[in-house]
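If you want the building blocks of each chain, they are given just below.
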Amino acid sequence: MADAMICPNCGVAMNHHGDKLLYEDAGAGGGHDSALGGAVFEFHSCPQCGGTATRPE
Amino acid sequence: MTAEHDARPLYIPVILGTVRVGRMSDPAARLMVDELAKRAGVETELIDIGRLSLPTNDAGQAIQDPGFAIRMERADAIVIVAPEYNHGYSGMLKHVLDSCLKEYIHKAVGIAGVSSGPFGGTRVVENLLPVVRELGLSTIFWDVNFSHVHKIFDKDGALVDQMFIPRIDKFLKELIWMAKTLRHGREHIALD
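Taken in order, these protein sequences are the chains called A and B. Going by the numbering used here, the first sequence opens with residue 1, and the numbers climb by one from there. Going by the numbering used here, the second sequence opens with residue 1, and the numbers climb by one from there.
Derived from the structure by calculation, the hints contain no laboratory data. Some hints could be false.
As the list claims (entries may be wrong) - Listed next, with one range per pair, are the computed distances between beta-carbon atoms:
(1) A:Asn9 to B:Tyr85: 35 to 41 Å
(2) B:Arg20 to A:Gly11: 42 to 48 Å
(3) A:Ala4 to B:Pro9: 25 to 31 Å
(4) B:Val131 to A:Gly37: 18 to 24 Å
(5) B:Leu191 to A:Ser34: 30 to 36 Å
(6) B:Gly41 to A:Leu36: 38 to 44 Å
Stated by the list, open to error - With a Cα cut of at most 30 Å, we get these calculated DSBU-like pairs of lysine-lysine:
(7) B:Lys180 to B:Lys102
(8) A:Lys20 to B:Lys155
(9) B:Lys102 to B:Lys155
(10) B:Lys94 to B:Lys38
(11) A:Lys20 to B:Lys102
(12) A:Lys20 to B:Lys38
(13) B:Lys180 to B:Lys94
(14) B:Lys94 to B:Lys155
(15) A:Lys20 to B:Lys151
(16) B:Lys102 to B:Lys151
(17) B:Lys155 to B:Lys170
(18) B:Lys170 to B:Lys102
To be verified - If you want the ones that stay clear, here's a sample from chain B, every Cβ over 10 Å from chain A, calculated:
(19) Val19
(20) Arg51
(21) Gly136
(22) Asp143
(23) Asp154
(24) Val160
(25) Asp161
(26) Lys173
(27) His188
(28) Ile189
(29) Ala190
The beta-carbon is built from N, C-alpha and C at its ideal position, and this holds for glycine as well.
Okay, chain A solo, but in the shape it has when bound (with noise of 0.2 Å):
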């Protein structure tokens, strides 16, 4: 598993509670998956402010 990814607002360990598939994104920002044909990114809540970030898988 990746290293959670830190709140910038709360100094806290995020919470990665989604993942989706972006096809626009393929490519551009890594994160590319031949087999699912697109960029999976993944989606992260932060437990304190509620703040949200995301980077690619």
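Fit chain B to the given chain A structure using the hints.
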């Protein structure tokens, strides 16, 4: 849920989904804001897409309105008040919704349809469901249908038909339950 978790109010803005002059969705959206504002632990506001100035020659983050994106990030749920135009949704509503993505993931959405005819925007609600699903929002199974909207509100925008209050109550109870549940999931339940 912890006391700390409960201490943060839910934020549930209402999106007025049309820019047309004379839009009758305006009093409907304001009614939804008023009813949400009565709920303990809920903060709300009206987001009038007519006040956003998004370029129309691109999409997504390239045209994002910072104020709208911040509100969607903060939101735990959203209410979309959508008039039905030729069985569909407003093009500008779709354009605005498409300007965000990560801000929506695993958040609740409820849709109120508006029409001058008898069906209360049932078709626009159905047409919006696959859109909001692809955006990562989670739909509730209650809708509000403002049919014959010119008869529901008076010329000053005040509600005439009080039967809408209990319908909106059911809609908001479901939306708030989903908002609380999904907030807990986003913040505390890992994907794997």
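We went through each hint and held it up to the structure:
1. A:Asn9 to B:Tyr85: 35 to 41 Å: For Asn9 (chain A) and Tyr85 (chain B) the Cβ distance comes to about 40 Å; the hint holds.
2. B:Arg20 to A:Gly11: 42 to 48 Å: holds (46 Å)
3. A:Ala4 to B:Pro9: 25 to 31 Å: holds (26 Å)
4. B:Val131 to A:Gly37: 18 to 24 Å: Between Val131 (chain B) and Gly37 (chain A), where Cβ atoms are some 21 Å apart, the hint holds.
5. B:Leu191 to A:Ser34: 30 to 36 Å: 22 Å Cβ-Cβ, so the 30 to 36 Å window is violated.
6. B:Gly41 to A:Leu36: 38 to 44 Å: Given about 40 Å between the Cβ atoms, the range holds.
7. B:Lys180 to B:Lys102: With Cα atoms ~19 Å apart, Lys180 (chain B) and Lys102 (chain B) stay inside 30 Å; holds.
8. A:Lys20 to B:Lys155: violated (45 Å)
9. B:Lys102 to B:Lys155: With Cα atoms ~39 Å apart, Lys102 (chain B) and Lys155 (chain B) exceed 30 Å; violated.
10. B:Lys94 to B:Lys38: With a Cα-Cα distance of about 29 Å, the restraint between Lys94 (chain B) and Lys38 (chain B) holds, given a limit of 30 Å.
11. A:Lys20 to B:Lys102: Given pair Lys20 (chain A), Lys102 (chain B) holds - Cα atoms ~9 Å apart, limit 30 Å.
12. A:Lys20 to B:Lys38: The hint is violated at about 35 Å.
13. B:Lys180 to B:Lys94: Roughly 26 Å between the alpha carbons, so the hint for Lys180 (chain B) and Lys94 (chain B) holds.
14. B:Lys94 to B:Lys155: Distance ~28 Å between Lys94 (chain B) and Lys155 (chain B) Cα, so the pair holds.
15. A:Lys20 to B:Lys151: Judged against 30 Å, a Cα distance of about 43 Å means the pair is violated.
16. B:Lys102 to B:Lys151: With Cα atoms ~39 Å apart, Lys102 (chain B) and Lys151 (chain B) exceed 30 Å; violated.
17. B:Lys155 to B:Lys170: Satisfied, since the Cα-Cα distance of roughly 27 Å is no more than 30 Å.
18. B:Lys170 to B:Lys102: holds (28 Å)
19. Val19: Correct as stated: the minimum Cβ-Cβ distance to chain A is 26 Å, above 10 Å.
20. Arg51: The claim holds: Arg51 (chain B) sits with its nearest Cβ about 24 Å from chain A, beyond 10 Å.
21. Gly136: The claim is violated: Gly136 (chain B) sits with its nearest Cβ about 6 Å from chain A, within 10 Å.
22. Asp143: holds (25 Å)
23. Asp154: holds (39 Å)
24. Val160: At about 38 Å from chain A, Val160 (chain B) clears the 10 Å cut-off, so the statement holds.
25. Asp161: holds (36 Å)
26. Lys173: Non-interface label on Lys173 (chain B) holds, nearest chain A Cβ at 22 Å vs cutoff 10 Å.
27. His188: Violated: least Cβ distance 6 Å, not greater than 10 Å.
28. Ile189: violated (6 Å)
29. Ala190: Violated, because the least Cβ-Cβ distance between Ala190 (chain B) and chain A comes to about 6 Å, which does not exceed 10 Å.
In summary, the structure is inconsistent with hints 5, 8, 9, 12, 15, 16, 21, 27, 28 and 29 from the numbered list given earlier, while agreeing with the others.
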